[in-house]
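Visitor: As they're listed, the protein sequences go chains A and B. To convert, note that position 291 of the first sequence is 291 in our numbering; the numbers rise steadily by one, no gaps. To convert, note that position 347 of the second sequence is 347 in our numbering; the numbers rise steadily by one, no gaps.
Hints may contain errors.
Copies of one chain are not kept apart here, so a pair can be met inside one copy or by any two copies together.
Claimed, not checked - Straight-line alpha carbon distances no greater than 27 Å define the calculated BS3-like cross-link-like pairs of lysine-lysine that follow:
{"id": "1", "residue 1": "K12", "residue 2": "K69"}
{"id": "2", "residue 1": "K182", "residue 2": "K69"}
{"id": "3", "residue 1": "K28", "residue 2": "K438"}
{"id": "4", "residue 1": "K440", "residue 2": "K187"}
{"id": "5", "residue 1": "K32", "residue 2": "K438"}
{"id": "6", "residue 1": "K169", "residue 2": "K245"}
{"id": "7", "residue 1": "K419", "residue 2": "K304"}
{"id": "8", "residue 1": "K259", "residue 2": "K166"}
{"id": "9", "residue 1": "K419", "residue 2": "K169"}
{"id": "10", "residue 1": "K342", "residue 2": "K28"}
{"id": "11", "residue 1": "K304", "residue 2": "K12"}
{"id": "12", "residue 1": "K28", "residue 2": "K354"}
In short, the hints are calculated from the structure, not lab data.
Protein chains: 2
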Amino acid sequence: MNIVLLSGGSGKRLWPLSNEVRSKQFIKIFKKKGAAPEDGVSYESMVQRVYRQIRSVDPEADVTVATSKSQVSAIYNQLGTDVGISVEPCRRDTFPAIALATAYLHEIKELSADDAVVVCPVDPYVDADYFHCVRDLYEAARRGDSNLVLMGIEPTFPSTKYGYIKPFKHPDGSTGYTFTEKPAREKAREYIAAGAYWNGGVFAYRLSYVLRKSRELLGTDSYQVLLQNYAGLQKISFDYAVVEKEPGIEVLPYHGTWKDLGTWSTFTEAMEEPVIGRGILGEGCERVHIVNELNLPILVMGLKDAVVAASHDGILISGMDESARIKPYVEAINQQIMFAEKSWGSYQVMDADKGSMVVLVTINPGHHMSYHSHARRDEIWTILRGSGSTIVDGMEQPIKPGDVVTMAAGCRHTAVAGKNGLQLIEVQLGDEIDSADKQKYEL
Amino acid sequence: MNIVLLSGGSGKRLWPLSNEVRSKQFIKIFKKKGAAPEDGVSYESMVQRVYRQIRSVDPEADVTVATSKSQVSAIYNQLGTDVGISVEPCRRDTFPAIALATAYLHEIKELSADDAVVVCPVDPYVDADYFHCVRDLYEAARRGDSNLVLMGIEPTFPSTKYGYIKPFKHPDGSTGYTFTEKPAREKAREYIAAGAYWNGGVFAYRLSYVLRKSRELLGTDSYQVLLQNYAGLQKISFDYAVVEKEPGIEVLPYHGTWKDLGTWSTFTEAMEEPVIGRGILGEGCERVHIVNELNLPILVMGLKDAVVAASHDGILISGMDESARIKPYVEAINQQIMFAEKSWGSYQVMDADKGSMVVLVTINPGHHMSYHSHARRDEIWTILRGSGSTIVDGMEQPIKPGDVVTMAAGCRHTAVAGKNGLQLIEVQLGDEIDSADKQKYEL
């Protein structure tokens, strides 16, 4: 099957584990099954879990992630470079994103307009059964009995936060659907009694259908034209622009586990063990979760119903009830990004001051950073671990621990990791150290 | 006056701010009065506060700190190098410590045996009034009416943790004293009703008195002999060995504030503001204190009666009641020391792995580290900030930001800070990186 995963924006609600460059779907909290014991415990992220679940249902699944530029590095880092990525030049809600991804599949991946695709969020916390249902949606869309096939999630409580899909009978006896976003509790109860589903945001269709909608609503179905004019497109959801106006809809029900891990409360519920990373739950702790990405021990005593989360961006300690309301506090924190996953590895800021910055750079085996220069800073690398080579102003040199490479402003440079990867300390020096001061070159 | 401050051992009860190399008296939590506004808020430690209070009462006070080798660097760093230090080769309780310090004053500082000294703990949280009382003790000891003059602290509650000094009448009408350690609550009440004091561990005497006790109990009053035989001396407290057996005692009362900041509960009570360092008390916080030495924001929500403390050694989050019982948990944490104050500045471990360690080294203006070498590791310095010089195998070179200095194993080296101080990144590389692998040389 063809599947498009919508990888949404940054989240402040799971701060400090999510930030502008790391959305919640990239946080590694799920214990990896079947990891070799000698590797120790290892964890996978939401996006890795979903990707693995898709492959378990359909090993041949063709997966494309629709996302913004800022997530591309993390996706390649976590899923490898086989995955397709439809890059949105900026954020324009789900209709433009799905239109762009559909054009990408048709023109870049060269899928036939008669072929079908399922679009689903990248971050549902679900059983593998969910993806069996996703495959059924795909098959139904390919048969083409309806223009759109949706997943209806069986509600487990009268949520006021989700959208509802309510069936009704047309005079001819056929079934139609109406859509309501976030009803009041009492309305939600009524809907559930009447057989309504939650709208899980999973849509299947033949490419031709959304290409037609793109021509009708955006004036074009050309990938290049959409890409170029993307910033000018109206922000509008696929539900509002398409789904709610479409009479030819089929709904397939899903009965299994489905959770939106968007808050600390639901996120910690999905943790198999109360502590990830270095953490000790001492005397008097009840229902406390620790997620610690720092290499420091955390000792918690006498807390109840609380979450402790620590990353290079900050430390959160919150009662579970209050944790849903951290957003305004987090928005007021002005913290530079201290850690980022790149397609080739990661960087972590160790020290930052006026005129200097110290970064621990990790390059994955066989990978290399971009070939680049900086106009307003010098850099000095000291190799810590592993081996590989550097290319500085076109000249390649092998490197090993203890080697020092100095790069004056303007000098082009990259580091390439050998088969065991590479770690180095980068000292940046300059009056204006700015991540935007970077010019990339072809190698 | 002459004053000896007894600077006691390491504390795990205020972890993570105290550790094996940093006792609680070196933690900076008291807002400095009269700091220039352009310097921002700055804080002083217990030992700095006490030292300042002594100087405010007697600008000419001759202060000696009696302590172990491991605290010497921190004391010089925090008090400057004018302070006298009587270094105990190992810990042997207060009688050997006071005997050694007294011999030090007599032989090294050349005080007359008729001169007096007051010994007091380095870490009482008190008003300046306390040191007026200390001075009165000194004057009384110098007059020599009694062999020993003690401070009696007026009890504020029937504590079961302190020692009590109880007055009684001799048949001749004169006053004598008896001593009881840690009585039960009911006994404590009785003592207080009978006019007893807490024993604050403050003793004043003429040097000749303790020199005589040293000869009687330790067989010598020679500084060098005590120093050489120190490890063989019996562990015994001054109270037990001397005070409780001495009939000629005078007690001067002290009525002001007196707190032992030995637990998180009393420690946070002494904080003038609930947050030191980067910390935000969000919705639902009541009676929460944050002490944050990390350069990371801490956001706390929905906690009551709790302390949050973060340092390079770890992070503690504890209910106030439970915080008195952290010791066994902390003892189980096996964390290498990540931060240490040295006489010349500080070092902070940024990254440690098999075969390599990265350290941020800060050298105070005009100071330098010891001239030394390592047998089993190479080191590479990259200068970050400031200026000064390096001396490597006898050769001096000026240094500035961006300079790199490489030192192979065996090579002798030091760095000297200029008038603006110096910061550098030190990369250590070797199969056996060990703090004991260090040979010092004269410059």
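Visitor: Each hint should be assessed against the structure and marked as holding or not.
Guide: Comparing the hints with the structure gives:
Taking the shortest alpha-carbon separations for K12 and K69, only the intra-copy value of 18 Å comes in at or below 27 Å, while the best inter-copy value is 48 Å. In this assembly of identical chains, the alpha carbons of K182 and K69 never lie at most 27 Å apart, being 30 Å within a copy and 67 Å across copies at closest. In the homo-oligomer, the alpha carbons of K28 and K438 never lie at most 27 Å apart, since the shortest distance is 29 Å inside one protomer and 40 Å across protomers. Proximity of K440 to K187 under the C-alpha cut-off of 27 Å is found in neither arrangement, the shortest distances being 55 Å within a copy and 79 Å between copies.
For the homomeric pair K32 and K438, neither the shortest alpha-carbon distance inside one copy (36 Å) nor that between copies (43 Å) is at most 27 Å. With identical chains, the CA atoms of K169 and K245 are at most 27 Å apart within one copy only, with a shortest distance of 17 Å there and 101 Å across copies. In the homo-oligomer, the alpha carbons of K419 and K304 never lie at most 27 Å apart, since the shortest distance is 46 Å inside one protomer and 51 Å across protomers. Only within a single protomer do K259 and K166 lie at most 27 Å apart by alpha-carbon distance; the minimum there is 20 Å, versus 68 Å between protomers.
Taking identical chains as interchangeable, the C-alpha atoms of K419 and K169 are never at most 27 Å apart, the minima being 63 Å within one chain and 85 Å between chains. In this assembly of identical chains, the alpha carbons of K342 and K28 lie at most 27 Å apart only when taken from the same copy (15 Å versus 39 Å across copies). Taking the closest pair of Cα atoms, K304 and K12 come within 27 Å of each other both inside a single copy (23 Å) and across two copies (24 Å). Taking the shortest alpha-carbon separations for K28 and K354, only the inter-copy value of 24 Å comes in at or below 27 Å, while the best intra-copy value is 33 Å.
In this structure, the hints that do not hold are numbers 2, 3, 4, 5, 7 and 9, in rising order.
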